[in-house]
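Novice: Residue numbers (numbering that gives the first Met the number 0), protein chains in the order written: chain H, 0 to 435; chain L, 0 to 301.
FYI, nobody ran anything at the bench for these hints, they're computed from the structure.
C-beta atoms are modelled at their ideal positions from N, C-alpha and C, and glycine is treated no differently.
Any given hint might turn out to be false.
What the hints assert, rightly or not - Not close to chain H: a few residues of chain L, all C-beta gaps over 10 Å, as computed:
no., residue
1, 16
2, 20
3, 32
4, 93
5, 104
6, 106
7, 108
8, 117
9, 128
10, 164
11, 167
12, 191
13, 274
14, 278
15, 293
16, 294
As the list claims (entries may be wrong) - Computed list of chain H residues with no C-beta within reach of chain L, every gap over 12 Å:
no., residue
17, 6
18, 10
19, 47
20, 79
21, 110
22, 162
23, 195
24, 205
25, 206
26, 248
27, 304
28, 325
29, 326
30, 404
What the hints assert, rightly or not - If you anchor each label on the Cβ, the simulated ranges turn out as follows:
no., chain 1, residue 1, chain 2, residue 2, range
31, H, 192, L, 197, 20 to 28 Å
32, H, 187, L, 30, 53 to 61 Å
33, H, 290, L, 197, 17 to 25 Å
34, H, 163, L, 197, 34 to 42 Å
35, H, 329, L, 224, 19 to 27 Å
36, L, 197, H, 248, 27 to 35 Å
37, L, 194, H, 274, 18 to 26 Å
38, H, 274, L, 293, 38 to 46 Å
39, H, 409, L, 71, 33 to 41 Å
40, H, 393, L, 217, 43 to 51 Å
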Amino acid sequence: MTFSETSPSDNWHIKNVRIVDPYTHTDALGDIFIAGGCFVSEKLPEMLTLDATGLWAVPRMVDIHVHFREPGQEHKEDLVSGSRAAAAGGFSAVAAMPNTDPVIDNPALISWEGAHGREIGLIDLWPLGAVTKASAGKELAELALMEAAGAMGFSDDGKPIASGRIMRAALSYATMLKHPIVQHAEDLDLSEGTVMHEGQISHRLGLPGVPAAAEAAMVWRDVELSLLTQGRLHVAHVTALGSLEAVAYAKRLGGPVTAEATPHHLLLTDQAVSDWQASPITKVNPPLRPLELRDALRKAVVTGLVSVIASDHAPHHDDEKMSPYPQAPYGISGLETSIGAVFSSLLHTGLMDPLTLLERMTSGPHQALGAWYPGVVPGARADLTLIDPELLWVVEPRTFYSRGHNTPMAGMQLKGKAVATMLGGRWTMREGQVLA
Amino acid sequence: MRNFIALENMNAQELTTLIDLAETLSEVLERPIKKVPTLRGKAIANVFFEPSTRTRNSFELAAKYMSADVINFQASGSSVEKGETLWDTARNLTAMAIDAVVIRHQVAGVPGLLADLLNVPVINAGDGMHEHPTQGLLDLVTVKAHYGRIGGLQIAIVGDVLHSRVARSDLWGFTIMGATVRFVGPPNLLPSALGAPMTSNLEEGIRGCDVVQVLRLQNERQKSGAVPSMREYREKFGVTQERLGKWAPDALVMHPGPQNRGVEIDSEVLDGPQSAVLAQVRYGVAVRMAVLYRLLGGTHDI
Ligand SMILES: [Zn+2]
Numbered sequence: 000m001t002f003s004e005t006s007p008s009d010n011w012h013i014k015n016v017r018i019v020d021p022y023t024h025t026d027a028l029g030d031i032f033i034a035g036g037c038f039v040s041e042k043l044p045e046m047l048t049l050d051a052t053g054l055w056a057v058p059r060m061v062d063i064h065v066h067f068r069e070p071g072q073e074h075k076e077d078l079v080s081g082s083r084a085a086a087a088g089g090f091s092a093v094a095a096m097p098n099t100d101p102v103i104d105n106p107a108l109i110s111w112e113g114a115h116g117r118e119i120g121l122i123d124l125w126p127l128g129a130v131t132k133a134s135a136g137k138e139l140a141e142l143a144l145m146e147a148a149g150a151m152g153f154s155d156d157g158k159p160i161a162s163g164r165i166m167r168a169a170l171s172y173a174t175m176l177k178h179p180i181v182q183h184a185e186d187l188d189l190s191e192g193t194v195m196h197e198g199q200i201s202h203r204l205g206l207p208g209v210p211a212a213a214e215a216a217m218v219w220r221d222v223e224l225s226l227l228t229q230g231r232l233h234v235a236h237v238t239a240l241g242s243l244e245a246v247a248y249a250k251r252l253g254g255p256v257t258a259e260a261t262p263h264h265l266l267l268t269d270q271a272v273s274d275w276q277a278s279p280i281t282k283v284n285p286p287l288r289p290l291e292l293r294d295a296l297r298k299a300v301v302t303g304l305v306s307v308i309a310s311d312h313a314p315h316h317d318d319e320k321m322s323p324y325p326q327a328p329y330g331i332s333g334l335e336t337s338i339g340a341v342f343s344s345l346l347h348t349g350l351m352d353p354l355t356l357l358e359r360m361t362s363g364p365h366q367a368l369g370a371w372y373p374g375v376v377p378g379a380r381a382d383l384t385l386i387d388p389e390l391l392w393v394v395e396p397r398t399f400y401s402r403g404h405n406t407p408m409a410g411m412q413l414k415g416k417a418v419a420t421m422l423g424g425r426w427t428m429r430e431g432q433v434l435a
Numbered sequence: 000m001r002n003f004i005a006l007e008n009m010n011a012q013e014l015t016t017l018i019d020l021a022e023t024l025s026e027v028l029e030r031p032i033k034k035v036p037t038l039r040g041k042a043i044a045n046v047f048f049e050p051s052t053r054t055r056n057s058f059e060l061a062a063k064y065m066s067a068d069v070i071n072f073q074a075s076g077s078s079v080e081k082g083e084t085l086w087d088t089a090r091n092l093t094a095m096a097i098d099a100v101v102i103r104h105q106v107a108g109v110p111g112l113l114a115d116l117l118n119v120p121v122i123n124a125g126d127g128m129h130e131h132p133t134q135g136l137l138d139l140v141t142v143k144a145h146y147g148r149i150g151g152l153q154i155a156i157v158g159d160v161l162h163s164r165v166a167r168s169d170l171w172g173f174t175i176m177g178a179t180v181r182f183v184g185p186p187n188l189l190p191s192a193l194g195a196p197m198t199s200n201l202e203e204g205i206r207g208c209d210v211v212q213v214l215r216l217q218n219e220r221q222k223s224g225a226v227p228s229m230r231e232y233r234e235k236f237g238v239t240q241e242r243l244g245k246w247a248p249d250a251l252v253m254h255p256g257p258q259n260r261g262v263e264i265d266s267e268v269l270d271g272p273q274s275a276v277l278a279q280v281r282y283g284v285a286v287r288m289a290v291l292y293r294l295l296g297g298t299h300d301i
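For reference, chain L alone in the conformation it holds in the complex (with noise of 0.2 Å):
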């Protein structure tokens, strides 16, 4: 493995290999002293494009907790309109001696075009609607630490999966490991030919699942006309206490965030002891500690 930049193209055993590591390293966030020096003197770039709080403080208290230096640099959309290219991007990026990229971009692809551009491992931490590959780890990290297993399970993704990118991580990353996904969402925000069966009927889609992971709602969808409103999304696709408790009792539920409760989700559920969205943050930390000692070869124990 030399960058990161999507599961559609990885094998069971590579992601099991991640999965035991992640499994290892998120002991390791028990201890009282969270830091190893495993990546001491390694300085990862963490280049966004694209504003997120969430999973750039993630990446950043991983690189941290292996010792590691962080330079963020935060490169607004506004330098790519300035006509910076990608080439550029690469070269300063090259310029600065670093060891690993991690670069989230609005655009599908850029990772990936970057990583042929640098000789530093790339890891990508989201690109447009292409892929999120550490989330997509991530919850396959969750539903393991809750099941025992992925192999054999029900996976219902709810929501726009047309425009998610964890949504197509976790399709390759749960098929791959033997589980069974499904889309569930409105007719016009389901990617058709993916491969994965596909329902606008919450109940259908959701009956007898073992997880149910819940997309957020954009709320560009209703300016462009994809959804007539947030009322009749929740009415139609939200996930209610009472919808859960009929149809799917026993489910894992899951969420990438940022939720926009009362719409896609309820307070009630996210909240309520079929949640696990705390677990993903918390392995959400562990897994990127696990991609980056996979990517930069850790010289110490952990």
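With the rest of the complex left out, here is chain H (with noise of 0.2 Å):
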């Protein structure tokens, strides 16, 4: 069945599948059945029947951290080719980053961004609004009234909010909002003129590095601060030991602190910058960090320590990545090979179950976020994903719908890929295909 075949107003009965749903804590083999864009109990007349054996049905994944580059560089990414990358790559919901050109810092820019994102309609687009005006890390941005406009929550990702007066003021403040602050955790003074992370390979390759510590120091500071305001923290990619011991910290003394994690973290270290031989494919921030970290940083997922994985979808030019390394801009396409790193670092090597890795991209993000979704249960909206567990492909970013390429996954084998996305009921993507 194609698309062409299938319209908007199908009602759909999705047999034989496992049914994996964090939300409702279910892992099951049974049925599922949507009609007029929900989830609903029974079989009615007229559904159409797919038979998904050997499939997983997952509700709303969510990607919480991308980068869609909408307004200001969209020869990079837009909300067009973000959004089908996201469908793509099995996800119904998204928050993208404000770290635009201009920055999203007002509400304005907040209600536009949304209103876009419906009416391209393939993902739930959940703006996130910056913390500081212009992320400039001085003055607060209005951040009630963008939470009115719709924003999820307040990151200045791309840099760290370096004043310890400000992150004290905005987290403070965030206490009386429903969603949290993001940060970004980075010693700038640290890590300036830095560009891999610091240790046997950056020493080899005479690349200059950054050590762990840079990252540590800030999330120990805005963890105390967290404690100190009880104002949420919600840590961007986290990599270093001392970033998972002061998220360790918070929790145990209660404080409102989540954390994430990004699969090409949890996949590759350092080495990878060796293997490319220092091609800036690899450029990432923070960056790809040597086997014990990452070891470790997926200990934390598998114990909940660290409760999302986001994908940190940082497209680029091709051009820009061919510039020298220390030139060349951060970031990796990570929308469409979210599944498959995930898959390939923590559920085929046996380190997590299905249903608690899962949930690590669909409850966990929610709950961060403060956003909810109830889970497979009629009357909620019909969004899902289907996932062939055991699929192995090879990383072709050519075939990306993302118009950034930029992946040192290129060229890898994953096993495990989306090959159905559903929003409100109407499928955004079919085998690899996304609905135009």
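Using the supplied hints, reconstruct the complex from the two chains, each of which is provided in its own coordinate frame.
Specialist: Okay, structure coming up:
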């Protein structure tokens, strides 16, 4: 069955599917019924039937850290190409970072982004607003007004909030909001001029390295400020042992702190920089870390200390990634490899069971952002991903829907892939093909 | 051997071939008429993104002694700032129909990436803090000429090892040839995890060594806060005649240049009997001739 043979008004009976639903803590073989855009409890007349034997059905997969570059850098990505990449990757919701040009730091831009996302209609697009005006780190942006306009969280991602005073103010202010402050933690003084993890590989390659301490030092500060203010803190893309320890400390004291890991930090190590012969395709911030840190990160995801997996999807134009290492921009185009990389790292290694693993890509991120979704229950909006967990495939960036082909996973074989994505009862992707 | 990018991944046999070849070629340099027709009709581009008269001259002389034509392409760092990508650089070089590219770049890894993009041999004349393989090779030749061997020798590399591409090429080159390398310098200027023993005590570092390679201390290290003052650096790590006489009286002293006389090394040492700095410069030309010869497959006898 292809798109041309189905219509948005079709109702569906998906049978023989393994329902992996972290929202309701369900992992069972069964059938799913969808009518009028919602899950329903039983088969209705004129439902189209899809035999999903061998596949998993996962409700509302969300990636809460993507960069869609619009407005201002549409040659890298825009809301249309980003939405298509998300649908292709198996996501029905994403939260987009506000480090665009101009920075999304006011309610009008939040409204515009939300409306444009709905117009495109391929995903639920959750705008994130800047914490400070123009993400300059000097004055708080209009957080409450942005939230009223639809902002799902606040971040100056791309740069850290360096001032302890502003960070304290932001966290304190956030106690009257529903959504958290999301911090990209990095001591810019320590990291100045560096391009990769400081360790054996950076010393061999002669590339200036940054120690994991540059991240951990700021996470510790932010954790202290979150405990002080009780403001909700979500720590983006953690990679350092000290960051994990700081988050654990916050949790022990009951602080409102969550943390996220990216698929590339879970799959790769700084060895990739050497394997790619210092090609900037491996340049990402925070940098790829050595094996012992990657394994500690995996363990933190297993235990739930890190409750969110998010891609930090950062598409760039091919030409930009052809510059010498220091000049090249940071980032990996990650939406379309996320499930494959995560399954290869954590599922097929035997480290995690499907339900717990998928929690990190569904209910975990919902909880972190203060969002809510009921799961596969009658009446809930039918946001659903069908995954073939055993599918072996080779990453071929030229086939991405994203405009960014920049990924060090190019040419790697991954296991596990979304084969269909549904938003509100309507397929947005079937067998790798995204609805126009 | 298709390119000459780094000593790290070479083996002892390849290095020995190059060392032997350089020794043979250094005899050419003793002749009254130095020019040999070996690379007649070949065009070599010297592409320097970083100013370096010494290394560029050395490559240019090496090419000219072998009758190759040399195009000096002084690509200032600004062409990168103007947005020229490596693709553009590679395309422009290919369009010039040259037979080999010698490249110096301030960024580690660029010669390797360029080698992937070009279908002519690429020679690394120094890339960032990564490697300076012809310097490493000339240090090997200098030591071999003095001791008659490299295996079993103790090499101390003194100074700002962290930022030094010479130190890295030396580490790999000497290690591959069976010598032992140790690093000596301020703790914050020593790279951990490269596998060489390290010390911040100069006496401990150079006592009993066969070779002391002294690195240049860049003035910017003081500005960036890595060393408190040149005076303090000299006090802790300066190689003076007195210290050398006490701790390593028989060692061969080398320096890749340019030297800060009176800071990391004294004139008395540089111009003294243990110094091999002029031999280093002379072997530099022979080594670059050897590399060009190997990569361009010279058709005439030497
Ligand atoms: Zn970030």
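Novice: All hints are to be evaluated individually against the structure, with a verdict given for each.
Specialist: Hints and how they fare:
1. 16: holds (24 Å)
2. 20: Check passes; 27 Å lies beyond 10 Å.
3. 32: Given that every Cβ of chain H is farther than 10 Å from that of residue 32 of chain L, nearest at about 40 Å, it holds.
4. 93: holds (15 Å)
5. 104: violated (7 Å)
6. 106: violated (4 Å)
7. 108: Since the minimum Cβ distance to chain H is about 3 Å, residue 108 of chain L lies within 10 Å and the statement is violated.
8. 117: With a cut-off of 10 Å, residue 117 of chain L remains clear of chain H, as the shortest Cβ separation is near 14 Å.
9. 128: violated (4 Å)
10. 164: violated (6 Å)
11. 167: violated (6 Å)
12. 191: violated (7 Å)
13. 274: holds (27 Å)
14. 278: Given that every Cβ of chain H is farther than 10 Å from that of residue 278 of chain L, nearest at about 26 Å, it holds.
15. 293: Correct as stated: the minimum Cβ-Cβ distance to chain H is 21 Å, above 10 Å.
16. 294: holds (19 Å)
17. 6: Holds: least Cβ distance 46 Å, greater than 12 Å.
18. 10: holds (52 Å)
19. 47: holds (49 Å)
20. 79: holds (27 Å)
21. 110: Its Cβ never comes within 12 Å of chain L, the nearest being 36 Å, so this holds.
22. 162: holds (22 Å)
23. 195: Residue 195 of chain H is in fact no farther than 12 Å from some Cβ atom of chain L, at 10 Å.
24. 205: violated (3 Å)
25. 206: violated (5 Å)
26. 248: The claim holds: residue 248 of chain H sits with its nearest Cβ about 27 Å from chain L, beyond 12 Å.
27. 304: holds (27 Å)
28. 325: violated (6 Å)
29. 326: Check fails; 7 Å does not lie beyond 12 Å.
30. 404: Residue 404 of chain H clear of chain L: closest Cβ-Cβ about 15 Å, beyond 12 Å.
31. H:192 <-> L:197: 20 to 28 Å: holds (23 Å)
32. H:187 <-> L:30: 53 to 61 Å: Holds, at about 58 Å.
33. H:290 <-> L:197: 17 to 25 Å: holds (23 Å)
34. H:163 <-> L:197: 34 to 42 Å: Between residue 163 of chain H and residue 197 of chain L, where Cβ atoms are some 36 Å apart, the hint holds.
35. H:329 <-> L:224: 19 to 27 Å: holds (25 Å)
36. L:197 <-> H:248: 27 to 35 Å: holds (34 Å)
37. L:194 <-> H:274: 18 to 26 Å: holds (19 Å)
38. H:274 <-> L:293: 38 to 46 Å: violated (27 Å)
39. H:409 <-> L:71: 33 to 41 Å: holds (37 Å)
40. H:393 <-> L:217: 43 to 51 Å: holds (46 Å)
Comparing the model with each earlier hint shows violations of hints 5, 6, 7, 9, 10, 11, 12, 23, 24, 25, 28, 29, 38; every other hint is respected.
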